[in-house]
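K.L.:
Spelled out from the first residue to the last, the chains are:
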Amino acid sequence: MSTPSTADGTVEARIAADPRYTALVRERQRFSWTLTAITVLVYSGFISLIAFDKPFMAQSIAGGATSLAVVLGIAMLIGTVAICAIYVHRANGRYDARVAELLAGIDA
Amino acid sequence: MIRIAIALVALLGGATAAHAGIHGTIVQQPTNWTAILMFAGFVAATLWITATAARRTRTVSDFYTGGGITGFQNGLAMAGDYCSAASFLGITSQIFNDGYDGLIYAIGFLVGWPIVLFLIGEKLRNLGRFTFADVASYRFLQGPVRSFAAVSTLLVVAFYLIAQMVGAGQLIQLLFGLPYLYAITVVGGLMMVYVLFGGMRATSWVQIIKAVMLLLGATFLVVGVMAHVGFSFEALFSKAVEVKTKVALDNGLSPDEAAAKGRAIMGPGGFIKDPISALSFGFALMLGTAGLPHILMRFFTVPDAREARKSILWATVWIGYFYALTFILGFGAIVLISFNPDYVDVATGALRGGGNMAVMHLAHAIGGNLFLGFISAVAFATILAVVAGLTLSAASAISHDIYASVIRKGDADPVKELRVSRITTILLGITAIILGIVFQKQNVAFMVSLAFALAASGNFPVLVMSLLWKDCTTKGAAWGGAIGLLTAFVLTVLSPVIWVAVFGYAEAIFPYSSPALFSVPAGFLGIWLISLLDRSPRAAIDKAGYPLQRVRSETGIGVHSPADH
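So the protein sequences, as listed, match chains A and B.
Just so we're aligned: 789 in our numbering is position 76 of the first sequence, and the numbers increase by one with no gaps anywhere.
Just so we're aligned: 404 in our numbering is position 402 of the second sequence, and the numbers increase by one with no gaps anywhere.
For reference, chain A alone in the conformation it holds in the complex (with noise of 0.2 angstroms):
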């Protein structure tokens, strides 16, 4: 793969200047590394709360068998398939379409 420059007057090079473009990278970088920390953070909390408070996470739900642990635990695994969805729905409806708007213009 070579590297050759951004000389002015190449469609790259124009994409680049236009703000519409930079608009669209600066918030889609937003979006994705605000999904990016809520997932570590998420997780990091989880995997602290069964290091530090056991007893916590072993109590029971309604008084039954079920406990928060098992709900949280599940809550983990659908939440993660939450915030994929959340962001390719986001980034293959919004963000694709001002790509492929963008690209239109510069194209003709």
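Simulated from the structure, these hints should not be mistaken for laboratory data.
Treat the hints with caution; some may be incorrect.
Straight line, CA to CA, 30 angstroms or less: simulated DSSO-like cross-link-like pairs of lysine-lysine [to be verified]:
| # | chain 1 | residue 1 | chain 2 | residue 2 |
| --- | --- | --- | --- | --- |
| 1 | B | Lys545 | A | Lys767 |
| 2 | B | Lys275 | A | Lys767 |
| 3 | B | Lys248 | A | Lys767 |
| 4 | B | Lys263 | B | Lys248 |
| 5 | B | Lys263 | A | Lys767 |
These numbers were taken from a predicted model, which means no experiment stands behind them.
Could you slot chain B onto chain A? The hints should help.
P.N.:
The following block gives chain B in isolation, referenced to the frame of chain A:
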């Protein structure tokens, strides 16, 4: 014998195998003809697919990418690549023994996927063609960065593969009643045939079929379990607590102690002891997933970033669903097989046939011999799908990164490159069989977690920095990545899993079960510092190349589709 039990847990990612609570010994079972016939059916189907794929595997692009599949198919294949037989057997058995702790493992294996999606996936697809090194070296001098990526790929694959081969041999001995040597040769031989003739196309379909079989089989079992408890989770859990309490009472504990022991399966137990080890192990699983070369390679089988994102979402759905099923199956096993002397030695509470057999006995209890055969065949298919993916990724590292890009400077004859990848595949198959034999009696418990730690500390920082930091340079990526790898390796050697368990010293120099919490920052720091100090002319070129790379990674301009020739 205890070594074998530990080795099986190794596939589970068992840095903390000692906590997994696997009891009992493994004995070779009588030859299981139902299972062998069902497995023969699977092999016949996959060989037919391989033959079909072989006719369409003519170019290097066919070999590395399989000519393109959809995001949904790729998601299933990723799940097939990622869910090993031992997480199926190991996690269910861990829950059967200790209850809740198995779920902590399962969650660790899932949380890496969002990180792949948010930070790496779409940019990887936009810039790369065949291997993750295409992306890591995009704007850099090819030689150093590709060499780093190839070495790192081979190391990660080697440790992962040894653990898989040893586990496979023992598992097959267990399930099919075949001798270890036969089992290893069958696994090594079949994986070689799939990759050699069918390349990525055959590998993808083996993984897709395996994923579907595994998910269907596990779903059927869960329905069987839930039917038994009137489709109520509360009933399932309270029955499991009752059973564990009764087992404890039978073992002579006082009623109070027995009640506490029964209740203990609903909360976290001994798996997580010190917070540092727990977080470090968690981060190794999380960030390692984002650096596994055989998983990253799967991104190049779909046409664009859009399908790449869909792949990850589907992979996460299926892997999450699979782990939720294993959780239910573990509790189902407690309820359904604990008092059956056919499955459990009631006097000791140990599973018959070996510590990882809980789900196998459950399959027999629910669906009889036929279904036991089916689940055994699924487990064998699962191993094949995982090792085929590993082999393909190692072969690509040698033929595409080393041969075509470093030795031939990107100017390789495609016919020769294809030949190199096929020769490499044969050599890898033979090597895998030999390693499986050499390591048969060794303690391989640390190998999968080492593979994850290496991927997290080497590949992950290099990919993130080269994609997202404009001032990253060739030297920074190659040497910083090497520092990450080396730190992970040295700390693992000094940690309890090798220093105490393998070398036999009384106390480990590095006390934690995983190095990731230290070695991942070491990788990032190395790349940052070396790039910062790099004043070479090449560094200027590397930095100047960033804007172009960035625009392409964000927009997909110039993307190589797997269907292109």
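K.L.:
Hints first: check each against the structure and report whether it holds.
P.N.:
Structure-based check of each hint:
1. Lys545/B to Lys767/A: violated, 49 angstroms
2. Lys275/B to Lys767/A: Satisfied, since the Cα-Cα distance of roughly 10 angstroms is no more than 30 angstroms.
3. Lys248/B to Lys767/A: holds, 23 angstroms
4. Lys263/B to Lys248/B: Holds - the C-alpha atoms of Lys248/B and Lys263/B are around 10 angstroms apart, at most 30 angstroms.
5. Lys263/B to Lys767/A: The hint holds at about 14 angstroms.
Checked against the numbered hints above, the structure violates only hint 1.
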